[in-house]
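Chemist: Chains as they are written, first to last, in this note's numbering: chain A, 842 to 1343; chain B, 19 to 387.
Where hints are given, some of them may not hold.
[Stated by the list, open to error] Quick partial rundown of chain A residues pointing at chain B, CB under 10 Å, derived from the structure: (1) 931; (2) 1027; (3) 1167; (4) 1214.
[Stated by the list, open to error] A short, non-exhaustive set of chain A residues, derived as facing chain B with CB atoms under 7 Å: (5) 1149; (6) 1168; (7) 1205; (8) 1210; (9) 1211.
[As the list claims (entries may be wrong)] In silico DMTMM-like cross-links for lysine to aspartate or glutamate, where the CA-CA straight-line distance does not exceed 25 Å: (10) A:1094 / A:1230; (11) A:1094 / A:1154; (12) A:1042 / A:1020; (13) A:1186 / B:374; (14) A:949 / B:374; (15) A:1042 / A:1306.
In case anyone wonders, no lab produced these hints; they're calculated from the structure. Where a beta carbon is used, it is the ideal one built from N, C-alpha and C, also for glycine.
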Amino acid sequence: MSDALSLETVGLTKRFGAFTALDAVSIKVRAGSLHALLGENGAGKSTLVKCVMGYYHADDGDVLIGDRGQEIGSPRAAAALGLGMVYQHFTLVPNMSVAENLLLASGKVPAVVDWKAERAKMTRFMDSMPFRVPLDRPISALAIGEKQKVEILKQLYLDRRLLILDEPTSVLTPDEADEVLGFLRGLVDQGRLTIVMISHKLREIYAYAEEVSVLRQGKLVGAGRTADLAAPELTRMMVGVETLAQPAARAPKPAGDVVLDASGLVAADDRGRRALDGASLAVRAGEILGLAGVSGNGQRELVEILAGQRDPEAGAVKVHGERYAADRAAARKHKVVCLPEEPLKNASVPTMSVAENLALRRFDLAPMARGPWLSDGAIRRAAEKLIGEYRIRTRSPATPIAELSGGNVQRTVLARDLSEEIDLLVVANPCFGLDVKATAEIRAALVAQRNKGAAILLVSEDLDEILELSDRVAVIASGKIAYEAPIAAADRQEIGKRMVAH
Amino acid sequence: MAAVAETSGEAASPTRGAWALDRDRLGAIAEAIAIPLIALLAGAALFALFMLATGYDPVEVYALIWAGGFGSSFSWSNTLLRAAPLLLTALYTAVPARLGLVVIGNEGALVLGGVAAAGIGFALAGAPAAVAIVAMGLAGMLAGGIWVALAGALRHFRGVNETISSLLLSYLAIALMNHLVEGPLRDPASLNKPSTGHIGDGFMLGALPGTDIHVGLAIGIVVCLICHVLIRHTRTGFAMRVVGGNPAAARLAGLGVGPLLIGACFLGGAAAGLAGMIEVAAVHGRANASLAVGYGYTGILVAFLARHNALAIVPVAILLGGIGASSGLLQRRLDLPDASVLVLQGLLFVAILASETLRGRLRPYFSGR
Ligand SMILES: Nc1ncnc2c1ncn2[C@@H]1O[C@H](COP(=O)(O)OP(=O)(O)OP(=O)(O)O)[C@@H](O)[C@H]1O
Ligand SMILES: [Mg+2]
């Protein structure tokens, strides 16, 4: 493996139409360092690194790699220089195996693949990694955290000298994140790699990065050594002088009737493997049930069943005591809202506008629909209201949602769903990819819904989030509920043990 | 979210937002027009090379195509006559495409629609003309619609690839027509070209006032408009676009994906079936092998060139109608075989498919970076 590369941008400017996403940004990343890039959702972090990778072409400014000015025309050219990037959205081919994806990533697939040699090489590589993923498994069958690990493994497999990670840990549990970042930190310390990491998690930044640059609304607003910058100062740089939303206190009231009653759910995952194996749980009105678990233990399938995206093989879902069909009429009748993870993939229509995505739940009701007709005006007005309330950074309601920053896609989906009147809310990892401010706001909104009497099933891989928000905690492991306790009696150690026990 | 008190200056100011919107919109529209234009030019250039290679003068060929398709009122009416069925057969592909389906059995749906219409028209001899014409139209639409709905249902319930199944169903439909016109529905008087019985002059569709173009052209344009309005301005159309954009999100929203998929297939098939009915009721008077002369296949090309936009189908159908209309002239003047026009169409199709890679890459140039 060759040596780490330095990176410098000088006055980088990028405009999308009339919108300036990057405004003369200059950052300096020393060779052999781990540099964090911080900023609110929509600050321009992804845009900056995409310009470096040649994915976007800057309108102005220069990129210096290893102190030499480089005209990087495409990600392929960047790869030739030894640059690699893990994008915020997955770039794996879903119906191909991990091994095939690794091969594909090298960019030079021979006409006839010598699988034996390739496999040997990959196996050797995997064995040298502290975290691994089965080579034969199709990507579509991986849990979100595993996919992210494949993305990172892919870059390591390609011997990069400068690695850019766009929110690499947003879909990992804190333990997984430590495992991955600890290993990467080691490579940096050996002088083999320079890393630029985008993250919203201050804990990680203090633990692993030595320097940091902060963006706000497309401008560089601060930079320095993490050792010299206290957390409040960093937060202020990121969000300005505003204060964070405080989660509303959980009103101490007893939980009401059972709203969601799922019993004996059995379901197969995309590979046909049994993912849910007789899971049963109940959530009452006015309580948050936090469902913890290592990703890949059936939580995705559970949420998909409740969202109507997957049919269970056995078991029953009841809402308000009635069998729940998970179609539009039933969801409306029982006021059920489901919010799966990976919103761009599961909960929004990338080709449609922000306004249309915001209208997804109500387009067939007045005032958005008049008889069979759609009212563009009503759709737009409703969108403008939500965009303002939830501060979604979009150029206009008519912008395709795929053009929003990752965090703003999440905000759009949350704005649409949390603004509904809700009896039962099922959310999976709602704060993945959200900045500190938005995270605080979303958590406050969840508690507010609970206080209004909604039953909430919060599926999360972030144990801190679960312990902060839940009234009751449950653990899912190998497709079964392995633990359940009221928050007062919940024991962190015990939960951790149940999460990994089989 | 109630917790969010202040609306900070984060969001772009309204005026700036509105302006950006206009440029974005313009950029998107400009790109949507530029890509097919580039594809047309590239396809035409390839055809010119092909002509050169086979010893013809491309300038002369294109001049003749122009003259044959658009040069005189005679060629215009020939062009529009050919455009009429293309408008409808293109919808066969374009409507399901909005839901992410690629169905290409256009020819079969047209043929079945034609046979059904001819059969009904013949059977209703003596009925009032208006009743018979409406019945023929309905029969054509039902036949075409059900045929394609089959492909949609196979896809939804059994996961069968709809492209293949629609194509196979199309071959089946053509064979079925041959069987019917040679057997049960054959008019004994049709000797060397087996056909159904003539529906009678009373049931024939007339010409547009002041022209010799039959009303099928107007029907085709109206149906294109209806489809556009349906997709763009109705609840059902919105749901269809959601399914096309992301089936997982559609299921999350509780939309009935199956009925929408099958319904869109039915709609597309009904349009092609109506084209068959019009060919029978306005041109041939009976169903026979002349129904399967390629309007279906050209319809696929029209739909792709129009990027499955129901409004864009109108000009594109006229353009391809014109190219088709010029083939006679090419044959007479240059002794070019009939198939050379098909070569041009094929090259255009390849260029269109290839041009899809430009999508999203031109927009920055149009919205002024
Ligand atoms: N392809 C695009 N076309 C138009 N606008 C874009 C495009 N990509 C990004 N933008 C806009 O540029 C701004 C910066 O986006 P960017 O993705 O860089 O944000 P980010 O800092 O990575 O945020 P997040 O933390 O949410 O991922 C956003 O307002 C976004 O809407
Ligand atoms: Mg980003």
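Chemist: Give a verdict on every hint.
Modeler: Now for the hints, and whether the structure bears them out:
1. 931: Because about 14 Å separates residue 931 of chain A from the closest Cβ in chain B, which is outside the 10 Å limit, the hint is violated.
2. 1027: violated (38 Å)
3. 1167: holds (7 Å)
4. 1214: holds (6 Å)
5. 1149: holds (5 Å)
6. 1168: With a closest approach of 5 Å, the residue 1168 of chain A hint holds.
7. 1205: Holds: closest Cβ of chain B sits about 5 Å from residue 1205 of chain A, inside 7 Å.
8. 1210: holds (5 Å)
9. 1211: violated (10 Å)
10. A:1094 / A:1230: With a Cα-Cα distance of about 28 Å, the restraint between residue 1094 of chain A and residue 1230 of chain A is violated, given a limit of 25 Å.
11. A:1094 / A:1154: The given pair, whose Cα atoms are some 37 Å apart, is violated under the 25 Å limit.
12. A:1042 / A:1020: It holds: about 15 Å lies between the C-alpha atoms, which stays within 25 Å.
13. A:1186 / B:374: holds (22 Å)
14. A:949 / B:374: holds (24 Å)
15. A:1042 / A:1306: holds (13 Å)
Figure legend: structure checked against the earlier numbered hints; hints not met, in rising order: 1, 2, 9, 10 and 11.
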